[in-house]
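Starting from the known structure of chain A, arrange chain B on it as the hints suggest.
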Amino acid sequence: MKSFRITFVRVLVVSAGLILALSAIFAQEVVNAQVDTADAGAIKVAPGELLPISVKLSNFGGGRRVDVLVEYSIFSGAGEKIYSSNETVAVETTNNFIKTIQIPFGVAGGVYMAKTFVIYDGQLVPATTQFSFTIERKILGLFRDDFFLYGGITLLSGILMFALGHALIKRRRGRSTPLDYSDIPRDKRIFYEILSDTIMQMRERVGDDALLIAANIDGLKIDKETGKVHNISENPSKIIATLVSGYEKILGKKVSFSLRRENPNL
Amino acid sequence: MPQKTILVVEDEESLREAIVDILRLKNFLSFEAKDGEEAVELALSKHPDLILLDLLMPVMDGMTALKKIREDSWGEKVPVVILTNLSATNEQLVEDMVTHKPMHYLIKSDWKLHDVVKKIEEILEMRK
Chain A
12 MKSFRITFVR VLVVSAGLIL ALSAIFAQEV VNAQVDTADA GAIKVAPGEL LPISVKLSNF
72 GGGRRVDVLV EYSIFSGAGE KIYSSNETVA VETTNNFIKT IQIPFGVAGG VYMAKTFVIY
132 DGQLVPATTQ FSFTIERKIL GLFRDDFFLY GGITLLSGIL MFALGHALIK RRRGRSTPLD
192 YSDIPRDKRI FYEILSDTIM QMRERVGDDA LLIAANIDGL KIDKETGKVH NISENPSKII
252 ATLVSGYEKI LGKKVSFSLR RENPNL
Chain B
970 MPQKTILVVE DEESLREAIV DILRLKNFLS FEAKDGEEAV ELALSKHPDL ILLDLLMPVM
1030 DGMTALKKIR EDSWGEKVPV VILTNLSATN EQLVEDMVTH KPMHYLIKSD WKLHDVVKKI
1090 EEILEMRK
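These protein sequences, in sequence, are chains A and B. Per my numbering, residue 12 is the first one in the first sequence, and the count goes up by one each step. Per my numbering, residue 970 is the first one in the second sequence, and the count goes up by one each step.
Hints should not be assumed to be uniformly reliable.
[To be verified] Simulated pairs of lysine-lysine, DSS-like, Cα-Cα distance not exceeding 30 Å:
(1) A:265 <-> B:1088
(2) B:1087 <-> A:264
(3) B:1037 <-> A:249
(4) A:126 <-> A:67
(5) B:1015 <-> A:260
(6) A:249 <-> B:1077
(7) A:199 <-> B:1088
(8) A:181 <-> B:1081
(9) B:1046 <-> A:239
Read the hints as simulated data drawn from the structure, not as lab findings. Since the structure is predicted, the reported quantities are computational estimates derived from the model, not experimental observations.
The shape of chain A in the complex, shown without the other chains (with noise of 0.2 Å):
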């Protein structure tokens, strides 16, 4: 009696995108049949696509050409046929080929076994080769976990940016808003005037080297987190000349500054 060997060998196989190894070796020979077979549970696909299978046929019954007729089928987890095909191969020492198997388009996702059968001379060869792969539907091209995993990470990015920048963009404005000094005597005010602005707009430029710049200066007073001018204490102009050369210094080219208004009219 004829029976075959029918092993897998490793091969690749690309699926959706995916490179994937799947084994196929067939081997005929004259008692005993083996079957290898290699899980490739790692092989995704959706529906409607096509599934390749490598397979490799053999046959060690003295080099004579022989008809297989090769069954594929896949079944659900609950051991249901969702597909079913078959084809006639000849084999005379060995054979090779890649058999693509289109993934009906209403299955539902889950875990699924492609089997194959060999039929040789009417007789179901006593070797069946196997391997499980998943089902997943594709939302916008990718698979529905990467998409949710994608779209969580890609979303929660946007999110954090979304934040940072908002705060950024807040952080940014209170530090050029200009700062009052309604409280100070009319006389005094533009003096803390020019300092402040000097100070919030060379923190823009050079950062919070502005502020330890300021606060160096002797008899002038800022906060050192907001730069607000608390007092001055010393000739006002002395001290902007000094800040000013303080800031051309680190900055390497001279400062520009502006005046507030004192009304609309001026």
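Then chain B, alone, in the frame of chain A:
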């Protein structure tokens, strides 16, 4: 709407002409002065809407010219933008600035002419 007038006070001819050209493109009418003395004369006779003033100039420097302009009842309110290469690290200069109140003290090397003109437009827009 009447055309806004700008007095451009700058001793460097090429820079003065460049400023006037840009102002013309922006539909401003410009008067040109090459020193402080001309600036005072033109300012008090033409009453421009804004003065763009250099500081270091021959005959009369910009701060002296500004002081004279501010002594006039019209001149005490005219907006002035200083455009200079002189660094404001001198105590007397700061004192003069505070006294005569230009709106901006702009360093030439720090500003593109188009941005200077934008400042001018902002000031005149606020005064409408």
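Outcome of the hint check:
1. Taking the CA atoms of residue 265 of chain A and residue 1088 of chain B, the gap is near 19 Å; set against the 30 Å cutoff, the hint holds.
2. The hinted pair formed by residue 1087 of chain B and residue 264 of chain A meets the criterion: a straight-line CA distance of about 22 Å does not exceed 30 Å.
3. A distance of roughly 24 Å separates the Cα atoms of residue 1037 of chain B and residue 249 of chain A; the hinted pair therefore holds under the 30 Å criterion.
4. Of the supplied pair hints, the one linking residue 126 of chain A and residue 67 of chain A holds, its CA atoms being roughly 15 Å apart against a limit of 30 Å.
5. Note on residue 1015 of chain B and residue 260 of chain A: the hinted pairing is violated, with a Cα-Cα distance of about 41 Å set against a maximum of 30 Å.
6. Distance restraint check for residue 249 of chain A and residue 1077 of chain B: the Cα-Cα separation of roughly 23 Å lies within the 30 Å cut-off, and the hinted pair is therefore satisfied.
7. Distance check on the hinted pair: residue 199 of chain A and residue 1088 of chain B sit about 26 Å apart at the alpha-carbon level, within 30 Å; holds.
8. Among the hinted pairs, residue 181 of chain A with residue 1081 of chain B is consistent with the structure: their alpha-carbon atoms are about 29 Å apart, no more than 30 Å.
9. Taken as a hint, the residue 1046 of chain B and residue 239 of chain A pair is honoured in the structure, with Cα atoms around 29 Å apart against an allowance of 30 Å.
Violated hints amount to a single one, hint 5; each of the other numbered hints is respected by the structure.
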